[in-house]
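Spelled out from the first residue to the last, the chains are:
2 protein chains.
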Amino acid sequence: MEIPSSLVDRLLDTWPVARLATSGTRGYPGALPIVFALVRGYLWTPVDGKPKRAGELARVRRVSENPHVELLLDEYHDDWSDLWWLRIEGEARVVEPPQPERDPDVAPVLAALRKKYPQYATVPVLRDPPTLLAIRPTRIRSWAASETALAALESRSR
Amino acid sequence: MEIPSSLVDRLLDTWPVARLATSGTRGYPGALPIVFALVRGYLWTPVDGKPKRAGELARVRRVSENPHVELLLDEYHDDWSDLWWLRIEGEARVVEPPQPERDPDVAPVLAALRKKYPQYATVPVLRDPPTLLAIRPTRIRSWAASETALAALESRSR
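As you go down the protein sequences, you meet chains A and B in turn. The working numbering puts the first residue of the first sequence at 181, with every later residue one more than the last. The working numbering puts the first residue of the second sequence at 181, with every later residue one more than the last.
Don't take every hint at face value.
[To be verified] Footprint (simulated), chain A over chain B, 3 or more residues, beta carbon under 8 Å:
(1) 185-199
(2) 202-209
(3) 243-250
(4) 253-262
(5) 309-317
No wet-lab data here; the hints were simulated from the structure. Where is the CB? At the ideal position from N, CA and C, for every residue including glycine.
Sequences are here, hints too, so could you generate the full structure?
Below, the structure written as structure tokens:
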């Protein structure tokens, strides 16, 4: 069954992690866990100050080469009747604001990220050079294994 | 830092879920949670009897069109010093055994899946027509945010 759209909206606002699938020009897909915030209809993910493996910024290169992405929100449960997922196809764009805190598009994004993730009190929300991906959703699909899965998700995302 | 190879091996044996990134011919990536078992160097994932959204078998079509995939194993934590991931690039192949329980390659895979997932006592491990993906790993990359992350993972995957 599908996830009701009110719950989809709440998940997009509150769910802490997504897996971002990208595909470069050569057709080699990549997947990476990301944090994100929904601001004015776009899903934004920053290149933040969390520790990172060198070279992980391949995601920026990949998106420059091919803007098509898919975001996956889901959660594994040993009880398979509790499974669900939300998949967002979108077009990603690399945003490199020279003055992010003064940028009228980016400043509200930084505020939303800091509100959603208290971790940004100590971790820089952007690194140098400031870089974010802005993803415009083009198609949303959802699935839940059962009514129980929906009820559990509903009560947790309040 | 990287995850030590002994722990990588243990994660591939025991971690219950991966996110599979695929890319069709048109360069639109897709991501999906999957269960899997490592058998004789291949990562196998069945099209099983878990409830599914109609059309979810796009993964089979995508892999037929483009065998390059990436598997992501990771876990989100609010404490970002506990984050880690394991990414396996590979080549996937669609396997459609007419008699899976008698197939010398597939029968051990079904046994491994049933051992890893007790859920298969009640959920069919294959649907009709029997279909699995066999993924040959070509590159493994790993990352952990801290020694604490590694120690926690180490103690949980025993």
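Verification of the supplied hints:
1. Counting residues of the stretch 185-199 of chain B whose beta-carbon sits less than 8 Å from any beta-carbon of chain A gives 3, enough to reach three: the coverage restraint holds.
2. With a cut-off of 8 Å between beta carbons, the stretch 202-209 of chain B has 6 residues touching chain A; three or more are needed, and the interface restraint holds.
3. Here the stretch 243-250 of chain B counts 4 residues with a CB under 8 Å from a CB of chain A, which clears the bar of 3, and the coverage holds.
4. Interface restraint, the stretch 253-262 of chain B with chain A: holds (5 residues with C-beta to C-beta distance below 8 Å; minimum three).
5. A stretch counts as covered by a chain when three or more of its residues have a beta carbon under 8 Å from one of that chain; for the stretch 309-317 of chain B and chain A the count is 0, and the coverage is violated.
Of the numbered hints stated above, the single one contradicted by the structure is hint 5.
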